[in-house]
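Participant: Sequence:
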Amino acid sequence: MSEVAVAFLAGVPVAALMAFVGSRLGLLDRPGAIKPHARPVPYTGGLALAILLGGLGPPLGVPALAVAGALLAWAVGFVDDARHLDPRLKLAAELPALVVGSFAIDLDGAVRLVAIVVGLFLINAFNVIDGLDALAGGTAAIALAALLLLNAPLAALAAVALGGVLAFLVFNLPPARLFLGDEGSLLLGYVLWLVPLAAFAAAPSARLLIVTGCLWAFPLVNAGFVVLARIRARRPVLAGDRSHLYDVLHRRLGLRGTLLVCWTIGAAGAIGAAALG
Numbered sequence: 001m002s003e004v005a006v007a008f009l010a011g012v013p014v015a016a017l018m019a020f021v022g023s024r025l026g027l028l029d030r031p032g033a034i035k036p037h038a039r040p041v042p043y044t045g046g047l048a049l050a051i052l053l054g055g056l057g058p059p060l061g062v063p064a065l066a067v068a069g070a071l072l073a074w075a076v077g078f079v080d081d082a083r084h085l086d087p088r089l090k091l092a093a094e095l096p097a098l099v100v101g102s103f104a105i106d107l108d109g110a111v112r113l114v115a116i117v118v119g120l121f122l123i124n125a126f127n128v129i130d131g132l133d134a135l136a137g138g139t140a141a142i143a144l145a146a147l148l149l150l151n152a153p154l155a156a157l158a159a160v161a162l163g164g165v166l167a168f169l170v171f172n173l174p175p176a177r178l179f180l181g182d183e184g185s186l187l188l189g190y191v192l193w194l195v196p197l198a199a200f201a202a203a204p205s206a207r208l209l210i211v212t213g214c215l216w217a218f219p220l221v222n223a224g225f226v227v228l229a230r231i232r233a234r235r236p237v238l239a240g241d242r243s244h245l246y247d248v249l250h251r252r253l254g255l256r257g258t259l260l261v262c263w264t265i266g267a268a269g270a271i272g273a274a275a276l277g
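Going by the numbering used here, the first residue of the sequence shown is number 1, and it counts up by one from there.
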């Protein structure tokens with residue numbers, strides 16, 4: 001747990017600096033038709049997480065390939081934030097991060113291939129929940145805390161990410177002064193994919209697959225909801241809109257009510273994961 005404290009204490013000033021840098025350089029998420037915020041907000045929270053992971057990860061024992069994969073995921077998100085990549089190009093660009101990260105773990109060839117394909121779905125399922133203040137950050141914090149309770153392999157990676165995301169939340173709780181951006185949500189999704197994968201590789205079992213599903217409770221529920229909604233509306237599955245579960249809740253419950261419901265789903269999954277683990 002000391003790694004979490006170190007990452008948090010280092011993360012608060014780094015996040016504050018990145019909020020300033022993002023504002024000065026115009027790295028801003030501006031309001032739009034499918035964006036609920038009312039004013040431009042810097043999207044450099046993910047850069048703060050990347051700096052923390054790159055700076056603290058290796059000294060704390062995080063394998064170099066795991067860090068490299070995280071930074072590649074961040075880089076894809078950074079380009080997407082700046083250039084708004086075509087969804088299919090974005091998916092292709094994410095593959096190198098998953099491939100590199102998978103080699104931080106001892107996996108058989110077939111298992112590695114399946115893990116990469118599953119990872120492609122999971123990191124994007126996490127990416128799309130970053131649509132409201134503190135939703136993605138809070139969801140990640142809950143899942144990462146559960147991973148630490150499980151004492152999983154690559155725990156140091158989860159610890160640095162948890163400390164970093166808690167520091168980020170200081171600036172992301174409503175009203176947010178800093179956003180993760182795609183760069184941050186892809187990085188966190190990558191961590192939440194890789195750490196359970198390392199646990200499975202160390203001791204393969206159906207139970208660990210269920211644990212992983214529990215940890216991903218809210219992103220998976222939201223992904224299922226939005227896919228069904230878009231199919232029913234005959235819209236492309238990869239199209240951006242406000243048909244997410246959290247969007248529906250936000251229209252009915254407001255921001256705080258929505259966060260309570262979504263975090264409760266995540267917490268229930270985390271408790272289930274801890275009980276099974």
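Quick caveat, the hints were computed from the structure, so don't treat them as lab data.
On a predicted model such as this, the values are computed, not experimentally measured, just so you know.
Using N, Cα and C, we set each Cβ at its ideal position, and we do this for glycine too.
Some clues are possibly wrong.
For each label pair, taking beta carbons as the anchor points, the in silico distance ranges come out as [unchecked claim]:
1. 268 / 206: 30 to 36 Å
2. 114 / 26: 40 to 46 Å
3. 84 / 264: 42 to 48 Å
4. 121 / 20: 33 to 39 Å
5. 235 / 256: 41 to 47 Å
6. 252 / 209: 32 to 38 Å
7. 20 / 210: 28 to 34 Å
8. 88 / 26: 42 to 48 Å
9. 232 / 173: 18 to 24 Å
10. 230 / 54: 18 to 24 Å
11. 83 / 275: 22 to 28 Å
12. 149 / 58: 23 to 29 Å
13. 64 / 17: 21 to 27 Å
Participant: Between residue 230 and residue 54, does the beta-carbon spacing fit 18 to 24 Å?
Facilitator: The hinted range 18 to 24 Å is violated for residue 230 and residue 54, with Cβ atoms some 36 Å apart.
Participant: Check the following: the C-beta atoms of residue 20 and residue 210 are separated by a distance inside 28 to 34 Å.
Facilitator: The hinted range 28 to 34 Å is violated for residue 20 and residue 210, with Cβ atoms some 43 Å apart.
Participant: Just to be sure I understand the hint, the distance between the Cβ atoms of residue 88 and residue 26 should be within 42 to 48 Å; is that true here?
Facilitator: Violated, since residue 88 and residue 26 (Cβ atoms, about 28 Å apart) do not stay within the stated range.
Participant: Can you tell me whether the CB distance of residue 84 to residue 264 sits inside 42 to 48 Å?
Facilitator: Given a distance of about 33 Å, which is not inside 42 to 48 Å, the answer is violated.
Participant: If I claimed the Cβ atoms of residue 64 and residue 17 lie 21 to 27 Å apart, would that claim hold in this structure?
Facilitator: holds (25 Å)
Participant: Does the hinted range 33 to 39 Å hold for residue 121 and residue 20 at CB?
Facilitator: holds (35 Å)
Participant: Please check whether residue 252 and residue 209 have a Cβ separation lying inside 32 to 38 Å.
Facilitator: Since the Cβ atoms of residue 252 and residue 209 sit about 33 Å apart, the hinted range of 32 to 38 Å holds.
Participant: So the hint says 23 to 29 Å: do the beta-carbon atoms of residue 149 and residue 58 match that?
Facilitator: holds (24 Å)
Participant: Could you see if the CB distance from residue 235 to residue 256 stays within 41 to 47 Å?
Facilitator: violated (29 Å)
Participant: For the range 18 to 24 Å, tell me whether the beta carbons of residue 232 and residue 173 fit it or not.
Facilitator: About 34 Å separates the Cβ atoms of residue 232 and residue 173, which means 18 to 24 Å is violated.
Participant: For the hint 30 to 36 Å, verify it against the beta carbon of residue 268 and that of residue 206.
Facilitator: violated (20 Å)
Participant: Please check whether residue 83 and residue 275 have a Cβ separation lying inside 22 to 28 Å.
Facilitator: At roughly 43 Å between Cβ atoms, residue 275 and residue 83 fall outside 22 to 28 Å, so the hint is violated.
Of the numbered hints listed earlier, those contradicted by the structure are 1, 3, 5, 7, 8, 9, 10 and 11.
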